[in-house]
Amino acid sequence: MPSGASRPFAQASPRAVPDTVIPAAGALPWRRRRGVLEVAMVHRPRYDDWAWAKGKLEPAEAWPVAAVREVLEETGFHVRLGRTLPTSDYSLQDQSGQPTTKQCRYWAAEVVGGDGALMNEIDEVAWLEVNAAAARLSYPRDLDQLHSLERADRAGALTTWALVIVRHARSRSRSSWPDADPLRPLNARGRERAEALVPILAAYGVSRVATSPSVRCLDTVLPYAVAAGVRARLKSGLSEEGFAERPERAPYHLTRLLERGNAVVVCSHGPVLPVLLEQLALIADPEGTDENDENDENDENDENTARTSLTKAAHSGMGKGEVLVAHLVGTGVQARVVDVERHPSP
Numbered sequence: 024m025p026s027g028a029s030r031p032f033a034q035a036s037p038r039a040v041p042d043t044v045i046p047a048a049g050a051l052p053w054r055r056r057r058g059v060l061e062v063a064m065v066h067r068p069r070y071d072d073w074a075w076a077k078g079k080l081e082p083a084e085a086w087p088v089a090a091v092r093e094v095l096e097e098t099g100f101h102v103r104l105g106r107t108l109p110t111s112d113y114s115l116q117d118q119s120g121q122p123t124t125k126q127c128r129y130w131a132a133e134v135v136g137g138d139g140a141l142m143n144e145i146d147e148v149a150w151l152e153v154n155a156a157a158a159r160l161s162y163p164r165d166l167d168q169l170h171s172l173e174r175a176d177r178a179g180a181l182t183t184w185a186l187v188i189v190r191h192a193r194s195r196s197r198s199s200w201p202d203a204d205p206l207r208p209l210n211a212r213g214r215e216r217a218e219a220l221v222p223i224l225a226a227y228g229v230s231r232v233a234t235s236p237s238v239r240c241l242d243t244v245l246p247y248a249v250a251a252g253v254r255a256r257l258k259s260g261l262s263e264e265g266f267a268e269r270p271e272r273a274p275y276h277l278t279r280l281l282e283r284g285n286a287v288v289v290c291s292h293g294p295v296l297p298v299l300l301e302q303l304a305l306i307a308d309p310e311g312t313d314e315n316d317e318n319d320e321n322d323e324n325d326e327n328t329a330r331t332s333l334t335k336a337a338h339s340g341m342g343k344g345e346v347l348v349a350h351l352v353g354t355g356v357q358a359r360v361v362d363v364e365r366h367p368s369p
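Numbers in the working numbering are just positions in the sequence shown, counted from 1, shifted up by 23.
Keep in mind the hints are simulated off the structure, nothing from the lab.
One or more hints might be untrue.
In silico SDA-like pairs for lysine to any residue, Cα to Cα no more than 20 Å straight-line [claimed, not checked]:
1) Lys335 to Gly355
2) Lys79 to Asp117
3) Lys335 to Val298
4) Lys335 to Pro367
5) Lys79 to Lys125
6) Lys79 to Arg55
7) Lys79 to Val40
8) Lys79 to Asp138
9) Lys79 to Thr123
Make a model of the complete structure from these sequences and hints.
And the structure:
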């Protein structure tokens with residue numbers, strides 16, 4: 024991929040970032056002012072440039088967590104992440120002067136709090152309408168995220184809510200557990216992953232928790248429920264045993280959540296998740312992501328539709344502790360999935 028190229032973020036399957044690539048994340052906070060779409064951009068006096076709020080990932084930090092943190096540090100705003108925007112890959116020199124590549128993943132984001140106090144290397148934040156923002160940007164590569172945001176807005180697919188699917192984290196093996204299987208707990212790695220999910224789910228503003236009552240599922244999302252001050256709602260239809268007895272209950276629970284339209288996390292088991300993912304695939308956009316694929320030499324965009332991403336996840340399975348975020352517009356029978364992202368467990 025050439026220097027400064029952008030490509031779609033949404034992936035049909037998770038991929039690791041090479042060690043030679045510097046990972047970074049950011050977001051485009053947006054709002055409407057007198058009915059006009061505006062985006063927030065930042066000025067760095069050190070470089071005298073205008074760009075999007077972004078920064079490098081800290082060790083072991085998840086991409087969406089880094090995006091939210093960087094926006095707070097550079098704009099003073101707490102944001103909730105929405106749909107993904109094109110990823111930017113560009114060349115630069117590392118601290119030793121050697122050439123390397125920085126990969127920055129972006130999201131659309133809505134401000135949910137903060138006082139706007141600047142804390143980190145930024146001296147000005149500007150809210151500008153799209154044309155003015157395009158004219159002020161210092162780097163042509165940053166236009167890709169802006170144009171994607173504008174296209175989503177024109178398509179009525181910018182205001183989204185997140186339905187997050189999580190497979191329970193790693194647990195004690197069945198062979199080593201002497202008690203009933205629903206009581207089987209997480210192991211040490213699973214407990215670590217459960218804690219790591221707290222800031223990831225917070226990044227999407229999850230306000231509702233629905234889970235299988237099995238201990239390994241409940242304990243995967245319980246740390247987030249406690250941190251967010253919400254009740255973990257136990258749904259027997261999401262358990263392996265409940266699904267085997269009454270398989271229609273799992274899609275029923277998902278239908279009810281689609282009717283509510285609140286950001287929600289659903290935690291369940293490997294045998295149950297394909298039914299939920301296929302149900303979401305039926306209401307997912309069949310078209311490619313709106314990010315222009317002319318910059319994508321491998322034509323990855325053909326595989327990056329929301330529908331194919333969900334279908335592949337259903338067929339190949341989700342890893343233990345993996346997070347799949349479906350971004351939806353509308354509720355009930357009007358609900359449709361417009362974007363999908365996956366975050367595997369390390």
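Here is what the structure says about each hint:
{"no.": "1", "hint": "Lys335 to Gly355", "result": "violated (24 Å)"}
{"no.": "2", "hint": "Lys79 to Asp117", "result": "holds (12 Å)"}
{"no.": "3", "hint": "Lys335 to Val298", "result": "holds (12 Å)"}
{"no.": "4", "hint": "Lys335 to Pro367", "result": "holds (14 Å)"}
{"no.": "5", "hint": "Lys79 to Lys125", "result": "holds (9 Å)"}
{"no.": "6", "hint": "Lys79 to Arg55", "result": "violated (29 Å)"}
{"no.": "7", "hint": "Lys79 to Val40", "result": "holds (13 Å)"}
{"no.": "8", "hint": "Lys79 to Asp138", "result": "violated (23 Å)"}
{"no.": "9", "hint": "Lys79 to Thr123", "result": "holds (14 Å)"}
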